[in-house]
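Novice: So the chains spell out like this:
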Amino acid sequence: MSILLTDKSKIMVQGITGREGRYHAQHMQDYGHNIVAGTSPGHGGEWVLDGKVPIFDTVEEAKKSTGADTSVVFVPAYHAFDAILESIDAGIQLIVCITEGIPIMDMLKVRRVLAGKECYLVGPNSPGIITPGQAKAGIIPGDIAIPGKVGIVSRSGTLTYEVALALKRVGIGVSTCIGIGGDPVIGTSFVDCLELFEDDPHTDQVIIVGEIGGNEEEKAAEFVVNEMTKPVCAYIAGKSAPENRRMGHAGAIIEGNTGTAQSKIAAFRQAGVKVVSFPEEIVSLITTS
Amino acid sequence: MSILLTDKSKIMVQGITGREGRYHAQHMQDYGHNIVAGTSPGHGGEWVLDGKVPIFDTVEEAKKSTGADTSVVFVPAYHAFDAILESIDAGIQLIVCITEGIPIMDMLKVRRVLAGKECYLVGPNSPGIITPGQAKAGIIPGDIAIPGKVGIVSRSGTLTYEVALALKRVGIGVSTCIGIGGDPVIGTSFVDCLELFEDDPHTDQVIIVGEIGGNEEEKAAEFVVNEMTKPVCAYIAGKSAPENRRMGHAGAIIEGNTGTAQSKIAAFRQAGVKVVSFPEEIVSLITTS
Amino acid sequence: MKLHEYQSKSYFNREDIPIPRSRIASTPAEAKQIAAEIGYPVVLKAQVLVGGRGKAGGILLVKDENDLDPAANDILNSKIKGISVQRILVEQAINFTQEIYLGITVDRALAQPVIILSASGGVEIEELAIHHPNRIIRTAIDPLLGLQPYMVRAMASHIGLDYDLWKPLLHIALSLWKLFDQLDATLVEINPLVITTDKELLALDGKMTIDDNALYRQEDFLELTDQAVETPAEQEARKFCLSYIQLSGHIGCMVNGAGLAMATMDCIQQAGGEPANFLDIGGGANADKVQAALRIILSDENVRAVLINIFGGITRCDEVAKGLISILPENTRNLPFIIRLEGTNAEEGRNLLAQVPNLLIAENLMQAAEMAVHAAERAMV
Amino acid sequence: MKLHEYQSKSYFNREDIPIPRSRIASTPAEAKQIAAEIGYPVVLKAQVLVGGRGKAGGILLVKDENDLDPAANDILNSKIKGISVQRILVEQAINFTQEIYLGITVDRALAQPVIILSASGGVEIEELAIHHPNRIIRTAIDPLLGLQPYMVRAMASHIGLDYDLWKPLLHIALSLWKLFDQLDATLVEINPLVITTDKELLALDGKMTIDDNALYRQEDFLELTDQAVETPAEQEARKFCLSYIQLSGHIGCMVNGAGLAMATMDCIQQAGGEPANFLDIGGGANADKVQAALRIILSDENVRAVLINIFGGITRCDEVAKGLISILPENTRNLPFIIRLEGTNAEEGRNLLAQVPNLLIAENLMQAAEMAVHAAERAMV
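Protein chains in written order, with our numbering: chain G, 1 to 289; chain L, 1 to 289; chain F, 1 to 381; chain B, 1 to 381.
Hints may contain errors.
Unchecked claim - Listed below are the simulated SDA-like cross-link pairs for lysine to any residue, each with C-alpha atoms no more than 25 Å apart in a straight line:
#, chain 1, residue 1, chain 2, residue 2
1, G, Lys239, F, Ile94
2, L, Lys117, F, Ala109
3, G, Lys117, F, Ala109
4, B, Lys239, L, Lys117
What the hints contain is simulated information worked out from the structure, not anything from laboratory work.
Just so we're clear, the structure is a prediction, and the values are computed from it rather than from any experiment.
Could you build all of it, start to finish, from the sequences and the hints given here?
Specialist: Printed below as a string of structure tokens:
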């Protein structure tokens with residue numbers, strides 16, 4: 001029926017007393033009724049969301065007391081490294097990091113810590129995940145998608161909304177919609193999500209929304225060829241972008257010919273993935289069964 | 001017929017152009033004829049041991065060219081961290097570190113890197129390993145043991161010799177003799193070795209030579225109770241030592257009642273492990289079949 | 001944030017990475033004095049943050065005092081790829097026998113830092129990367145452990161570096177890692193790292209880029225930022241935390257979200273127009289921020305039409321509408337505005353805008369792009 | 001290598017860990033001057049590297065100037081557990097409401113650093129560890145990642161620390177980790193860390209131990225070593241890299257290898273004697289080192305017999321024999337020597353000793369111990 005997030009998910013919010021954290025916790029609660037806890041050091045023992053959700057000082061206590069398995073991170077960028085490590089250490093299975101502006105070295109270290117662990121980190125700089133009709137974790141507006149069988153995975157927040165809403169307007173529903181975040185170093189990749197969608201009996205087809213930079217799309221194309229049975233289509237933003245200002249020669253040496261919209265589109269087409277030229281066009285490629 | 005080291009082992013020596021490295025490489029070669037390479041930065045392309053063994057600049061090259069699977073580390077203490085990491089990174093399966101005086105923080109980091117890797121690090125500050133009649137890796141004199149079915153694992157170098165020689169004098173042979181090193185933080189533990197001996201069809205009984213400090217012996221006793229079918233006996237050095245000068249209160253908090261000769265002897269006796277009161281006495285506990 | 005060559009070299013110097021003698025000058029007179037102290041021949045190097053400055057005439061060799069003034073004048077009065085040169089580095093000229101490439105950056109695909117070494121450095125390194133990738137060796141670095149000596153030795157061995165130079169290379173590589181790690185760099189690069197005729201390693205050029213996200217904990221660079229050359233529009237954008245890049249088209253655009261901003265530009269191009277800029281107002285922008293963003297767009301004389309594309313998540317469409325209304329008095333050229341509002345408070349936003357004349361409301365992204373291209377074409381007539 | 005309290009506190013101060021005002025004095029006059037500057041009441045604390053100095057009279061509260069001289073004299077003229085006091089720390093007296101324990105050390109069993117926190121610190125912490133272990137919380141630290149803030153918060157929450165003190169505790173804990181990591185410490189400990197009547201955290205005492213194996217890269221401590229109080233025998237031992245601990249028995253022993261040295265002591269005890277020392281000459285000792293080791297043993301007036309137990313691996317028995325022969329002229333008290341040589345060049349060693357009178361050769365370890373105990377008993381008659 002979905003990947004990563006369901007109506008059974010027990011969600012906690014890290015930074016629930018901040019402006020963003022409180023606001024979106026309320027929206028998540030209204031949508032899925034599955035917010036079980038929040039954390040905010042020094043606020044342990046207080047209650048939020050109409051006095052129904054307890055706050056804890058630490059993730060460890062929140063997990064122990066409420067069985068939280070998912071955490072949505074809203075803390076400021078300079079606390080995010082610590083907050084993510086805290087959730088990993090506490091054994092949270094899904095961490096959705098909304099925070100943007102996290103230093104890249106922090107994320108390199110987080111990735112190193114995550115290696116080999118049974119934990120999905122979505123983001124940072126992610127709009128979150130929504131499983132329409134069931135639950136949402138993050139800031140994706142609840143009304144942009146209806147339940148259905150199309151999976152969406154995207155590097156861009158607003159483009160995700162764009163695609164989901166376009167589907168909704170023609171009555172097509174979504175199994176799960178995941179914004180993996182647009183930062184150079186992120187946790188869960190396109191390939192990770194494709195793997196999950198391929199294994200999800202309730203997803204029939206998958207939309208990838210990519211953008212220039214990095215080689216996640218190229219790797220996704222390779223995965224589609226080798227491992228996917230379900231149809232995949234894509235949109236890539238950035239065809240008109242001026243040539244990527246690379247990081248010195250080193251960037252060119254590392255990235256070679258990957259990273260441009262052209263290379264990504266070519267890779268997808270070679271993998272049999274249809275690529276549209278503007279977001280709303282994607283609707284034309286979805287077969288409603 | 002043995003654990004960790006056999007006549008099939010392909011041994012390389014890290015630091016083969018140093019005084020100790022060269023001297024012991026020759027002895028290992030005379031004993032087992034299975035030294036396949038040495039490393040010494042800047043000496044790549046040279047040959048040692050009567051011009052029969054090639055030197056390489058790096059472990060990676062040595063492994064690629066000779067298939068080395070075992071490395072014996074003789075480099076100075078301030079290079080040892082780098083040398084051990086180099087061998088781990090190159091995929092060496094058994095690293096025997098003879099070097100003593102390695103800072104404890106370096107070893108903590110090495111242990112962290114080793115976690116989850118298929119690699120045994122014996123030592124540091126180890127006299128090495130000898131599988132009598134087959135091979136030796138390290139500085140254990142070749143003539144102190146004869147082939148047989150008794151496994152020896154010891155934290156002390158010279159006490160290892162003491163026990164092996166005592167057995168030899170009464171005609172009892174050894175499957176493999178391992179000096180795990182006396183430093184506070186080491187790679188392969190008593191328990192690791194007991195596990196290997198338990199699984200080795202050619203080892204009938206095991207001798208543990210322990211000493212005061214840490215709780216490796218206590219953990220070994222627990223393992224003997226829960227996992228071992230083969231008889232184990234032990235000698236613990238340090239009964240007469242003045243009370244351990246612990247590290248502040250922290251040491252006491254961490255170690256609690258473990259660490260003394262008394263606690264170790266008690267743990268072993270409770271586990272059905274016979275404990276002798278001086279090294280040579282161990283011979284009386286070995287049953288010759 | 002990119003550092004100038006002279007800034008990078010001052011960090012190299014701090015870590016005892018050998019560099020040629022050099023100092024920075026803003027006038028030919030200063031340059032002459034420095035050259036006299038250093039001794040001729042010297043090299044004058046324009047301090048601009050763009051690649052290929054050598055080919056663009058930004059590096060000149062000066063053999064003696066007579067040649068200095070004209071050369072210094074030449075560079076200081078020039079523009080390199082549109083950037084006017086404010087400072088030159090006056091540097092001891094070095095004789096060398098080989099150019100090596102050494103750099104550390106982030107490999108996004110591996111999510112690890114990588115160190116890169118090649119026996120053939122210099123300006124042709126990117127060509128080499130394409131045609132002879134095996135002559136460039138890269139090694140991934142565990143970000144928790146850091147660069148280890150054995151990795152550098154393996155690389156030195158791989159490129160066949162003379163053993164006498166292993167120790168200096170090791171020192172330089174470890175120092176470079178230290179800078180990368182401690183300064184939150186995303187790039188540290190020495191190209192070329194030369195072998196001098198005296199058989200020593202010397203960093204002849206240096207590039208460093210600092211992670212903008214980490215500037216809050218890198219106090220060194222808060223000062224340096226002021227020295228960077230930014231256009232007034234870029235300075236204004238940075239002040240309001242807007243992500244703005246000026247381009248050469250006629251359609252100004254203001255969008256929330258980098259992906260949607262790119263998609264908007266793509267749609268403009270697809271509809272036959274050219275975007276005048278990339279401008280992402282980020283998430284949750286208020287009316288003031290919207291006003292500032294639109295002011296930057298209006299200040300661009302190339303702009304003939306303004307496309308506003310907002311898909312509100314955190315961003316509230318009514319705030320955007322308020323910002324838009326507040327800037328209208330400054331629209332002295334009467335540029336047409338095309339607006340597409342979707343998502344959070346879109347209805348309220350559209351209501352606010354209903355009373356504003358001369359606004360074109362679009363239903364979706366592609367339509368908005370087409371309307372904008374149309375409007376710009378009419379405006380150009 | 002243990003640091004004195006005042007040395008540890010100077011590191012605390014460097015990292016902005018709050019400490020009471022204090023200075024070190026070697027004479028009552030100095031102490032008086034410092035106390036005047038700090039203001040009464042003050043506490044005088046003997047700077048000795050042994051535990052339990054408070055109970056041994058090494059810490060005195062001085063209420064006013066009149067009491068200072070006698071108190072300072074008392075401590076400076078005293079011996080604490082056999083160590084004469086050279087210096088006292090004159091420290092501002094602090095009023096506090098609670099004693100906390102905070103320390104970082106190495107957990108051998110985990111092979112990880114651990115941080116330890118308890119709401120009940122002070123001298124009874126070890127009792128607490130035995131009877132109420134759950135009131136002490138320990139957290140393992142990844143040595144590659146280092147201590148992270150969330151770990152400290154979790155510990156603060158666990159011991160019920162007032163939230164107002166979380167930030168200062170976080171700062172102190174992270175600073176303590178920094179010292180542990182950067183100085184290659186095996187212990188950093190604040191006990192007690194007090195909550196003052198003004199509700200601030202203050203490090204009232206400090207202990208640090210530096211890893212001897214890491215001193216080569218910790219240049220700070222090469223100087224400090226000289227200030228440590230060592231006996232002449234210990235100084236001599238350190239000079240020759242001998243591992244020597246003086247004990248109170250009558251049988252001096254010289255052994256190669258720490259394990260064998262302990263086993264030798266055990267055997268002496270089993271045979272009814274008491275070792276006069278622990279002395280490990282390490283691996284590969286030459287004649288000079290052996291001579292130095294034996295000289296140290298001969299200088300101990302309690303020694304009645306000398307047992308030499310060598311199982312040569314790297315160590316060559318002929319070198320040991322040479323060292324022994326060279327020291328014999330200094331055996332003015334005609335102490336009996338019992339020698340057991342085994343392993344590398346044992347035959348050559350025995351041949352060299354064959355011509356030396358009054359040497360007792362043993363066949364194995366237990367026999368050597370028995371012969372030594374016998375000889376010592378005869379010597380005491």
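Novice: Next step is simple, just say for each hint if it's right about the structure.
Specialist: Evaluated hints:
no., hint, result
1, G:Lys239 with F:Ile94, "violated (43 Å)"
2, L:Lys117 with F:Ala109, "holds (23 Å)"
3, G:Lys117 with F:Ala109, "holds (19 Å)"
4, B:Lys239 with L:Lys117, "violated (41 Å)"
Checked against the numbered hints above, the structure breaks hints 1, 4 and satisfies the rest.
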